[in-house]
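A.B. asks: Each chain, written out:
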Amino acid sequence: MKRWTSYGLCLIVSLSLLAGCGLNGQEGKETKINTVSENKSVKKDDKKIKLVYWGQDSGDTTKKELVEQFNKTHSNIEVQLEEIPWNAQHDKLIASLAAQSGPDIFDGKMIWLPEFLGLNAVEDLTPYLDKWQGKNDMIKGVMDIVTTKDGKVYGLPYDLVSQILYYRKDIFQQAGLKPPSSYEELLVTAKKLTVDSNKDGKIDQYGFGMRGGRFGHETWATFVLSNMSEPAFFDNNNKASFTNTEAVQANQLWLDLYSKHKVVPDSSITDSFNEIVGNLQSGVTAMTIGNIKMAGRLLPILGKDKLGAVPLPPGKNGKRINFVGDWESYLNKDIEPEKKEAGFTFIAWLSEKEQIKLWSNGLRSVPVANSLRNDPEYANDEFQQAAMLSLENAAIIPVHSKMGEWTEIIWPQVTQKALLGQYTSQQMMEQLSKPFQ
Amino acid sequence: MRRNGMLLWKQATPYFLLLPALIAMFGIVIYPIINAVKMSFTDYILWKPQDVKFIGFGNYVQLLQDENFLMSLKNTGIWVFFCLLFQFVIGFVVALVLNQDFRGRALSRTIILIPWVTPTVLITLMFRWMYDGNYGVLNDIFYKLGLISQYKAFLSLAETALSAVIAVKVWQGIPFFAIMILAALQTIPKEMYEAAHVDGASKIETFWTITLPYVLPTILITTLLRTIWIANDVDLVYMMTGGGPGNSSMILSVYTYQLAQKSLNFGMASAAAILMTLILVILVMVFLKKIRQAEGKFE
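As they're listed, the protein sequences go chains A and B. FYI, in numbering that gives the first Met the number 0 the residues of the first sequence are 0 to 436. FYI, in numbering that gives the first Met the number 0 the residues of the second sequence are 0 to 298.
Calculated directly from the structure, the hints in this document are not laboratory data.
According to the in silico footprint, chain B covers these stretches of chain A (three or more CB under 8 Å from chain B): (1) 110-120; (2) 267-273; (3) 278-292; (4) 394-407; (5) 417-430.
So, partial list: chain B residues that the calculated Cβ filter (under 8 Å) puts toward chain A: (6) 46; (7) 134; (8) 263.
For clarity, every value in this text was computed on a predicted model and none was experimentally measured. Every residue gets a Cβ at the ideal spot worked out from N, C-alpha and C, and that includes glycine.
Build out the structure end to end from the sequences listed, making use of the hints.
C.D. replies: Right, here's the structure in full:
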């Protein structure tokens, strides 16, 4: 009897394991055009279209509030938000889209567009834009950034992260200095502010905060191109021109901040967003080039008495070069037509004035709507003004199939090796240009 | 005939009872390995599924010519060797101490487990702060002791990054060795030590002839398990340094992870994973041979 009970249990367990594998296979087919949400199919019986949205984590409740507001004002659509940390969005998205189990709507960056297109995962929004009234309120420069060379738009921008020059007002005041208005002045000022502030025999305050860790390429590109009279990393034929003499020399200026002038902390080699924020907050660094989101983190702690910002210094060609960070909303191509219409309704709504204002408040981004440029809330804000003035020559890292890997792995590794003295500036630029040849 | 049928059924029973485990094993282990081997011979970029093609040993050749792969291989050797060495030596000493009778022994045995049970994420956060080059507590202590003249960013220097992470891994892994060896020490009959004492054996002779033979099988199997776990560890190195600065603390497991998740090159990642598996299998086979030889010597 016991033996037969054992046989029976083994059979049940084996069958359930096999059944589990089988069910997963079937779900994979059924969910080919559906999402990871529990409510997968379009429920026509209750006339509400359900959409799953993977949005970048706002760090507070803003995104959730936006989605709730949309759901309240659009009774036929229900958006279900899943917030993803910004540094996990890429990995999670690509894996899910490759498995054809991605969300209906998702946040992404232009540098990931080649991967999205390779997976045939994003809807071309160009035909939808003609019907959208909010199109004319988008800043032209911003729309240019998200338009591909063949004139198509795949993502609607709602978040633009401009670089500005942050500085510690109290440290500058104590030293009797003003924020630099050129990159030459930046080096001179940084040297004066690299001191042993508590006279214990070791340097504890550095003039500048450098980001050698992940996503430091935006600041690096801003700095290096600003020190070139003809700022470009790609020529007219879209070939990498990192290794031209002027680019190598400008890059050497960047490397010298660490290796020769020592005006940046030793940890700069691997410092990423949290570290440069922490260093400026604690006074380890007196100034840094960083994006507008830093102000949202620092102001509540330092206040406007201690934290200041000015526009990026003009570059060698007289213009402010600014490599901005971008986030757009994308629509999954592999969903039903009625879901696509509903999805575009949502992402267009997100990029409209009132929603942009709510999103930009808290210094999360620069408002991408024209009608907000002269809004008193932004016109009177030191940080937003610095950010908007720095947008003179805004650009994003070029869209290229290798750019995802370049920003995530190649740039940090190569730059760190150069800062450690393992590569010369020439070798660094050669390594950086290799993936594009 | 009926007897033959019953005999056959009796012989088949163990396999039938193992069936659930075998199915699970096949689904979770065997099938993914077969898939990984297949992928390793293809040019599989995750976001270009339409361009996947067979390239033979192309991925393997590219890996063996890749400076980053070779550096990872070298670093993995250093990582495994030193983690294992210090975990074992310190773990053994701790086990010998905890095997003694002293006040607070029960509490000590509990406290020693803390590094092992603490989540790796928490350990990483803690040690990143401790190692911080601007306001880390370790820098403060070393500076006040006169060991350094200037604060060091341990995790940002090529010469210290890997060592710094090894130190954390050693701290985390000591309890496992300590507890396993302690358990083995507890099985040694007290009469053996009494007899040795009566015979006039010294402490070293007692250790060599009684303690070590008893705990040797436990040491060997624990070392084998830890070798595999340490070699496959991704989270600690990835979270502390990401393999940087440059690739000075890059180990094979992190390199493979980056190839898969960041470069999205599943073909190369699979090839790297297969190579690492082969190295570990060879290591395990050599190790098992040594275990058998050592057991024979002490019998």
